[in-house]
Every structure is written in C-alpha cells, then in structure tokens.
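Asks: Below, each chain spelled out in residue letters.
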Amino acid sequence: AQRVTQPEKLLSVFKGAPVELKCNYSYSGSPELFWYVQYSRQRLQLLLRHISRESIKGFTADLNKGETSFHLKKPFAQEEDSAMYYCALSANSGGSNYKLTFGKGTLLTVNP
Amino acid sequence: KAGVTQTPRYLIKTRGQQVTLSCSPISGHRSVSWYQQTPGQGLQFLFEYFSETQRNKGNFPGRFSGRQFSNSRSEMNVSTLELGDSALYLCASSFSTGGNTIYFGEGSWLTVV
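The listed protein sequences correspond, in order, to chains A and B. For what it's worth, the working numbering labels the leading residue of the first sequence as 1, then goes sequentially. For what it's worth, the working numbering labels the leading residue of the second sequence as 1, then goes sequentially.
None of these hints come from the bench; they were simulated from the model.
Mimicking SDA-like on lysine to any residue, the simulated pairs with C-alpha atoms at most 20 Å apart in a straight line are:
| id | chain 1 | residue 1 | chain 2 | residue 2 |
| --- | --- | --- | --- | --- |
| 1 | A | 9 | B | 44 |
| 2 | A | 104 | A | 71 |
| 3 | A | 22 | A | 109 |
| 4 | A | 15 | A | 73 |
| 5 | A | 9 | B | 40 |
| 6 | A | 104 | B | 88 |
Pulled from the structure, derived: some chain A residues nowhere near chain B, Cβ distances all over 12 Å:
| id | residue |
| --- | --- |
| 7 | 12 |
| 8 | 80 |
| 9 | 109 |
All C-beta atoms in this analysis are idealised placements derived from N, C-alpha and C, irrespective of residue type, glycine included.
Construct the entire structure; sequences and hints are all you get.
Replies: What follows is the structure, encoded as structure tokens:
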C-alpha cells in the first residue's frame, strides 16, 4: 500500500530564509507526486506536480526515487508562503483505478 | 469556469442522525472524490466515483456511502452519525482518474453534537 510521510507538523522560518518541507513516500510502482497548499480561509489547491518539473511561486520539488522523497524547497521564503502544505501520491490501486494519498501536512509559518 | 461547489457549507447534526452532502464538479469533469479532513488525521480518502461507478474506497465504515449521478454531480451520505464524524468534508473533481490534477471545493463543515 502507498504511504506519504511528512515528518514535520510545524515549520517556522524567517522571511528571506530558505525553506524545505520534507516528504517521503512508499510505493512499489512508479509514483506521481504532488504538492498541494491551503492558505488561510482558502480552498486546497495544487501547487506543483513532479511530472511538470516547473517552479511555482518560487517553489520547486525534485523526485528522488533512490531516497523515495519529494521535498519542497524555496530559496527565500516570503510571509505570504505561510500556509498548510500537503504532499500527495497518486498510485494505481488496481486496473485503471488510481488513488490519491495525502500526507498529514506541514504548517509553514514565515515570520517577518 | 465555475469551481467545485459543495453544499451545504456548514451544518450541525445530532448523534444518530444521518446527513447528505452534495458536490457539483467542474463542468466536464467526470471524476469526483471525497475526503475527510480533521486536525488529527489530516486528509483521509473516502471514495472516488467516475462515470457513476465507485472506483476506489478508503478505510471508512459502511456508514459512509456515496453516489454519482449521470451529470457527474455526487452526494455522500453518513448514517448514524457519531461525534467523531465531525470534520470538514472535501469534494474534489478531475477530468478523469489517474494522475490528473484534482480541484477541491471549499468543503462542508459538519459538526455532530
């Protein structure tokens, strides 16, 4: 069965500091990984997906299959980055069915 | 394009009652999935529907059920409510299953007293 682990429930950094939100996964097949973000009083929304290899709002994430990790990074954190971040894994659950499994989330606070 | 719409947004129920939550997906999306979000457990997958068929089911008791209609709208039902069912119930839609980006609604806040 697939599993997503976000080891830090809370992460606090100062504005301008680098930030890394950790995500580890377990899955025997070829995973598709996502980061979702939930800003205060807003709906959960996609931040980025590994297959796109893009940078969104200065965030990047690299899939490391050897370490089964998909850490989210930003070189210079901004106060508006304060939010709840969820790592998610889409995996085949049989036939053509896929299941999205979320980690428990990391609450990022960027202090001025 | 309108986003995922969930109704009602807030509701309070008594233990033992049942509740039905509704979700209208983004136009053209045929996959609808439901999640329960709580402070302690985070986001937990309930079930997914695609073309009116349940494709996946999470580890929730049979009191939790759902369905999808021909217009892709979906409902979930919780019977014999327990205090522990108090949560934010999120609906998400996507064009199809399997690795597609899913788009979330704002959720239905259920409080069981």
